[in-house]
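Undergrad: Assemble chain U onto chain C, guided by the hints.
Listed in order, the protein sequences are those of chains C and U. Throughout the first sequence, residue numbering follows this note's numbering, covering 1 to 146 in sequence. Throughout the second sequence, residue numbering follows this note's numbering, covering 1 to 146 in sequence.
One thing to keep in mind: the hints can contain errors.
One copy or two, either will do: identical chains are not told apart, so a pair holds if it fits within one copy or between any two.
[Unchecked claim] In silico DMTMM-like pairs for lysine to aspartate or glutamate, Cα to Cα no more than 25 Å straight-line:
1) Lys70 to Asp94
2) Lys104 to Glu131
3) Lys104 to Asp73
4) Lys70 to Glu131
5) Lys70 to Asp130
6) Lys104 to Asp91
7) Lys104 to Asp130
8) Lys70 to Asp97
Please keep in mind that the hints were generated in silico from the structure rather than gathered at the bench.
Number of protein chains: 2
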Amino acid sequence: MKANISAITLGVQDLERSLRFYREGLGLSSPGVIGTEYARDQTNPGGATAMFTLENGLILSVYARDDLAKDADVALDRMAGSATSLGYFVDSRDDVDRVLERVKEAGGTVVRAPLERPWGIYAGYFSDPDEHLWEVVYFLHGNRPN
Amino acid sequence: MKANISAITLGVQDLERSLRFYREGLGLSSPGVIGTEYARDQTNPGGATAMFTLENGLILSVYARDDLAKDADVALDRMAGSATSLGYFVDSRDDVDRVLERVKEAGGTVVRAPLERPWGIYAGYFSDPDEHLWEVVYFLHGNRPN
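So that you can see chain C by itself, here it is in the shape it has in the complex (with noise of 0.2 Å):
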């Protein structure tokens, strides 16, 4: 079997929201939200949901956050915090400061502006309206691992 992540499903408390903040902050695309043929009840979720296919294959979702506790059968307390970043790899430092910028006009919040770490990368954090995680990073001597 591959060991590979296929996709990464972000629970969020407002799809349309989420869809306007990573086409307009992250420059992704997605057909929009699709499934809401699938409706939710008592037992079952919903199966709405907002796909963006990156460019290396990943699909990043969007889906309630009920939605994921249900489906999931966990307590919907388990869906706040993110002890998850995810990493945006860029190419230039200014590319950095680029994202940064934009995910705040987009808002999302820069909740550290980028500084050089010793392990040898200029980076900053931004969290999403729902408060995921991401780290936006340059590698600084061109050791970029992909």
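TA: Chain U only, in chain C's frame:
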């Protein structure tokens, strides 16, 4: 600029435990814990981490929760919960069952036994030792997106 996610960092309590879990539970390979020369201090996060390179070039890394909180400059209590689910797509129904079995043996928890969803998947969820959610997915009608 390319719109890609290059890395996924999971905040964890115990690097060695997570390293063992992902090696045994998902069969991922890693050179082990690196970056221990960058010690944590009052103001700076430590650099110790373990990275797994996946087949599509994506990097999965585990990083101490308190280092991640410090690195991102967010409160440590935001490092609880998991409003994110990582999707692990497999090629058969049996593979879904097999991955969940293996994960359980490695110390993970099957939070939702696999079942069919009306949108054409057979899938179950597990959580790793730090409660990060993963969904193991088989597409029933050959409609696997990647």
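Undergrad: Evaluate Lys104 and Asp91 at a C-alpha cut-off of 25 Å and name the case that applies: within, between, both or neither.
TA: Cα proximity of Lys104 and Asp91: one copy only (20 Å, versus 40 Å across).
Undergrad: When no copy is named, should Lys70 and Asp94 be tagged within, between, both, or neither for a Cα gap of at most 25 Å?
TA: Between. Shortest inter-copy distance 23 Å satisfies the 25 Å Cα cut-off; intra-copy 41 Å does not.
Undergrad: Evaluate Lys104 and Asp73 at a C-alpha cut-off of 25 Å and name the case that applies: within, between, both or neither.
TA: between (34 Å within a copy, 17 Å between copies)
Undergrad: 25 Å Cα cut-off: does Lys70 pair with Asp130 within a copy, between copies, both or neither?
TA: Intra 18 Å, inter 19 Å, cutoff 25 Å: intra and inter.
Undergrad: Regarding Lys104 and Asp130, is the shortest C-alpha distance of 25 Å or less found within a copy, between copies, in both, or in neither?
TA: within (14 Å within a copy, 30 Å between copies)
Undergrad: Measure nothing new, just compare the shortest in-copy and cross-copy C-alpha distances for Lys70 and Asp97 to 25 Å and report within, between, both or neither.
TA: Between copies only: 20 Å across chains, 38 Å inside a chain, cut-off 25 Å.
Undergrad: Taking 25 Å as the upper bound on the Cα-Cα distance, should Lys104 and Glu131 be classified as within, between, both, or neither?
TA: within (13 Å within a copy, 30 Å between copies)
Undergrad: At most 25 Å between C-alpha atoms: does Lys70 with Glu131 qualify within a copy, between copies, both, or neither?
TA: Result: close both inside a copy and across copies, 20 Å intra and 16 Å inter.
Checked against the numbered hints listed earlier, the structure breaks none of them; every hint is satisfied.
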